[in-house]
Amino acid sequence: DTEVTQTPKHLVMGMTNKKSLKCEQHMGHRAMYWYKQKAKKPPELMFVYSYEKLSINESVPSRFSPECPNSSLLNLHLHALQPEDSALYLCASSSGTLIPPEQYFGPGTRLTVT
Amino acid sequence: AQSVTQLGSHVSVSEGALVLLRCNYSSSVPPYLFWYVQYPNQGLQLLLKYTSAATLVKGINGFEAEFKKSETSFHLTKPSAHMSDAAEYFCAVSDLRLGNEKLTFGTGTRLTIIP
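Here the protein sequences come in this chain order: A and B. In this text, residue positions in the first sequence follow this note's numbering: the first is 2, and each later residue adds one. In this text, residue positions in the second sequence follow this note's numbering: the first is 915, and each later residue adds one.
Hints in this document: simulated from the structure, not taken from any laboratory. All the given hints hold, so there is nothing to weed out.
Capping the alpha-carbon separation at 16 Å, the derived lysine to aspartate or glutamate pairs in EDC-like fashion look like this:
{"id": "1", "chain 1": "B", "residue 1": "1016", "chain 2": "A", "residue 2": "45"}
{"id": "2", "chain 1": "A", "residue 1": "42", "chain 2": "B", "residue 2": "1002"}
{"id": "3", "chain 1": "B", "residue 1": "1016", "chain 2": "A", "residue 2": "59"}
{"id": "4", "chain 1": "B", "residue 1": "963", "chain 2": "A", "residue 2": "103"}
{"id": "5", "chain 1": "A", "residue 1": "20", "chain 2": "A", "residue 2": "68"}
{"id": "6", "chain 1": "A", "residue 1": "39", "chain 2": "B", "residue 2": "1002"}
{"id": "7", "chain 1": "A", "residue 1": "23", "chain 2": "A", "residue 2": "4"}
{"id": "8", "chain 1": "A", "residue 1": "41", "chain 2": "B", "residue 2": "1002"}
Pairwise CB distance ranges, derived in the manner of DEER restraints:
{"id": "9", "chain 1": "A", "residue 1": "70", "chain 2": "B", "residue 2": "932", "range": "43 to 53 Å"}
{"id": "10", "chain 1": "B", "residue 1": "917", "chain 2": "A", "residue 2": "99", "range": "18 to 28 Å"}
{"id": "11", "chain 1": "A", "residue 1": "21", "chain 2": "B", "residue 2": "993", "range": "41 to 51 Å"}
{"id": "12", "chain 1": "B", "residue 1": "996", "chain 2": "A", "residue 2": "78", "range": "38 to 48 Å"}
Virtual Cβ for every residue (Gly too), placed ideally from N, Cα, C.
Using the sequences and the accompanying hints, generate a full structural model.
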């Protein structure tokens, strides 16, 4: 199973809402990532978890809060977002040990902030 | 810092023609380089990766790329384009720092196939 799953596929939320994005992988990977992708742009790294610990935060605003409950799950909690946060949010995972690294991406959650 | 530059934000080729997508890298050390493809409303799929084991790398769907150190390039090619190849293609470089993997993507090239 080389699949990374993400739920929901689409999410519309108001600026005062609290919502969460979920990512799951069952490949035994030890590194998981959140990316943000605006239309017609490349993905931009937001967070990296390595062995369930946050290892990289690319200066992401605190209205985005990542969580890694276990080695298979990655959540992104959203609160008080702005319309400019509307984007495709991609999750990825990698073994954490393979050189060079290979990241497997999920299909993404299309987020619209109204 | 490592980076990649993709020349040409849009490339159009006729079905059956050669596909050439350009990527140049900037790195002070031998880089790990990748090509990813993104179909509309989907995530990214790894096409191929450069591991330094061979300069010519073969990937999925008939794509290949050649690493040329003298030209700092890693261009993606396919001898004969199919309609199904229409997608966005991203070149990426990996930065391994303290065991953390950070992928930095180029700006992408949208490939259109003309019937």
